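My request is simple: use the sequences and hints to build the entire structure.
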Amino acid sequence: MIAFIIQRLLQGAGVVLAMSVIVFVGVFAIGDPVELLINPDADQLTRDAVAHSLGLDQPLWRQYLIFLWSAVHGQLGTSFVFNIPAIELILQRLPATLELALGATLLAITIGIPLGLIAGLFDNSWFSRVIMAGSIFGFSLPTFWVGLILILTFGVWLGWLPVFGRGETVAVFGIEWSFLTLDGLAHLALPVLNLALFKVALFIRLTRASVREIVPQDFVRFARAMGIHPSRVLTRHILKNIMIPIVTVIGIEFGSVVAFAVVTESIFNWPGMGKLIIESINQLDRPVIVAYLMVIVVMFVFINLVVDLLYAVLDPRVRLGSTSR
Amino acid sequence: MTGSNTQQSAVPLRGAKEAHATKPQSNLSKLLAFGAEFCGSPAALAGIVTLGVVIAAAICAPLITPQNPYDLSTLSIMDARLPPGTSNFNGYTHWLGTDGLGRDMFSAIVYGLRISLTVGATSAIFALIIGMTMGLSAAYVGGRTDAAIMRLVDLQMSFPPILIALILLAILGRGADKTMIALIAVQWAYYARTVRASALVEREREYIEAARGLRLGHGQIIFRHLLPNCFTPLLVVLTIQMAHAITLEATLSFLGIGLPETQPSLGLLIANGYQYMLSGAYWISIFPGIALLVTLLSINIVGDRLRDMLNPGLKR
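Those protein sequence lines, which keep their order, are chains A and B.
Going by this note's numbering, the first sequence opens with residue 1, and the numbers climb by one from there.
Going by this note's numbering, the second sequence opens with residue 326, and the numbers climb by one from there.
Heads up, a few of these hints could be off.
From the structure, some residues in chain B lie toward chain A, with a derived Cβ separation under 7 Å [stated by the list, open to error]: (1) Ile487; (2) Leu560; (3) Thr564; (4) Thr572.
Computed footprint of chain A on chain B; a stretch qualifies when at least three of its residues, placed anywhere within it, have a C-beta under 8 Å from a C-beta of chain A [claimed, not checked]: (5) 351-365; (6) 383-393; (7) 575-589; (8) 595-602.
Hint data in this document are derived by calculation from the structure and do not stem from the laboratory.
Bear in mind the structure is a predicted one, so any value in this text is a computation, not a measurement.
Cβ atoms here follow ideal geometry from the backbone N, Cα and C, with glycine treated the same way.
Here's what the structure looks like:
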């Protein structure tokens with residue numbers, strides 16, 4: 001187990017390093033690094049001085065090492081727009097994004113898995129057909145367009161729910177959270193629903209496929225033939241077996257929810273890091289872009305690591321250490 | 326196992342050939358039989374017909390639209406934000422209304438569809454070619470080449486597509502060519518993985534051994550012998566990825582980092598309408614969205630049907 005964890009950690013470190021090379025080459029070497037670090041209005045003398053003090057007259061590999069060294073120390077430049085360290089800016093926005101992503105994942109699980117179970121168990125009923133047809137819709141509808149429809153319906157026409165911002169927040173351990181106030185919850189409702197919809201469709205399909213795979217197997221038929229109560233067969237035999245793929249996918253999809261939050265945050269004006277990155281791209285606030293990319297890569301490597309471990313813990317068939325092909 | 330991605334779970338489609346191999350048939354009659362079976366499902370028939378209409382509309386855009394939305398001389402600001410069904414000064418009725426510049430929405434949508442479909446299809450096909458070549462080489466050569474390519478595929482698939490596209494566009498900047506590069510970079514891995522899976526099996530068959538025994542060139546074996554027998558699964562991935570490419574392009578354009586303003590795809594049209602939506606001019610955003618939705622839905626239904634037909638494991 002420990003060898004497995006170490007192997008995965010090393011792999012993760014490799015990915016982060018590879019990404020840092022890509023980001024470095026993309027943003028620093030192709031673009032002008034001086035522009036990245038100083039005010040665009042500065043004159044030529046200042047530029048030369050900064051270039052020299054940053055060691056930009058040095059060979060590329062040494063520049064990369066310098067970039068890496070300062071990145072390890074959390075120095076990725078200062079935002080042009082907000083005039084505070086970029087990394088700090090990203091971390092300030094992180095809780096808002098996490099709140100949204102966690103809410104959406106929870107909602108997707110609580111709607112998607114039961115519907116998928118029904119569709120899988122009663123394969124030919126009209127109800128299952130409606131669920132499956134709905135899931136095709138869920139897949140086909142682009143997230144951003146659903147967001148617009150939600151705003152139009154609940155915000156503009158019905159006027160039931162607020163559509164912009166986080167609403168009232170409460171500080172716990174110095175971090176602001178929306179879900180602890182009624183107003184915050186109301187603000188959270190539409191973005192969470194928007195972000196969850198695609199994943200609901202995914203969980204319906206995944207659960208249904210797993211159920212249809214498990215139900216015809218001998219141990220389920222045997223349990224039924226023994227006269228075990230259907231609800232017990234469901235919880236002890238079926239659910240237990242379908243949970244392995246589902247839990248794995250929940251883990252993997254959490255990362256994708258964080259990434260997709262970019263779209264939802266932009267539409268609902270949610271002050272998370274996704275909205276920040278889009279604004280930064282449009283305003284050419286490059287230190288923030290670099291910081292966002294590095295933070296998100298580290299986060300993904302971490303999520304993948306956790307999923308791998310979870311998978312190994314849940315499924316005794318996975319032989320640790322021999323999983324890599 | 327970091328690279329598992331659920332959207333591609335229904336990929337392996339092997340064995341469909343064997344099922345039909347008993348009776349020798351001409352290619353044409355096989356195709357007709359396939360078409361007839363395909364249309365056996367009403368939903369699939371509706372899907373393919375709708376898709377045909379959408380593609381035809383996009384190709385014939387100048388013929389069926391009352392207005393060229395890029396020709397600024399035909400636009401009048403007096404016609405701006407007319408609700409659906411109103412007539413303008415010339416007595417022409419805008420059934421889908423007009424946008425903030427007085428453009429006829431129907432014309433804008435058909436032209437936007439043209440751009441969206443072109444970008445989606447071009448990038449999907451390029452991704453197919455790159456992914457196919459990589460996947461086939463990985464399976465055929467094996468060993469370290471295989472390990473290196475598949476590690477790259479795994480790595481890439483552990484990141485969500487939108488994130489990779491976002492990273493690339495943040496570095497490259499906005500533009501049609503850059504958006505297509507991002508879309509290709511996002512998608513090639515799906516084709517590579519699919520084709521490798523079937524090529525690994527085909528590689529062991531006798532005809533490949535025979536081709537090797539004849540000392541045919543590696544390129545010839547890969548593309549003339551291996552590829553035709555691995556192509557069917559790719560077709561399904563192509564359909565589904567095309568829908569993904571169109572969605573992703575629309576999303577990126579909506580966020581303002583995809584296509585430039587001079588090439589208003591459906592995503593950009595929706596973004597442009599967004600500012601008017603809160604003041605009640607819903608049609609500028611909603612109708613392009615419906616066009617996008619209809620396109621995606623028909624592609625997905627066709628893809629679903631193809632997958633069910635080509636995968637005997639799912640047949641009831």
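Status of the hints after comparison with the structure:
1. Ile487: holds, 5 Å
2. Leu560: violated, 19 Å
3. Thr564: violated, 13 Å
4. Thr572: holds, 5 Å
5. 351-365: Contact hint for the segment 351-365 of chain B vs chain A: violated, 0 residues under 8 Å.
6. 383-393: Not satisfied, violated; 0 residues make the cut.
7. 575-589: holds (count 6)
8. 595-602: This one holds; 3 residues, not fewer than the three required, reach chain A with a Cβ under 8 Å.
Of the numbered hints stated above, those contradicted by the structure are hints 2, 3, 5, 6, listed in ascending order.
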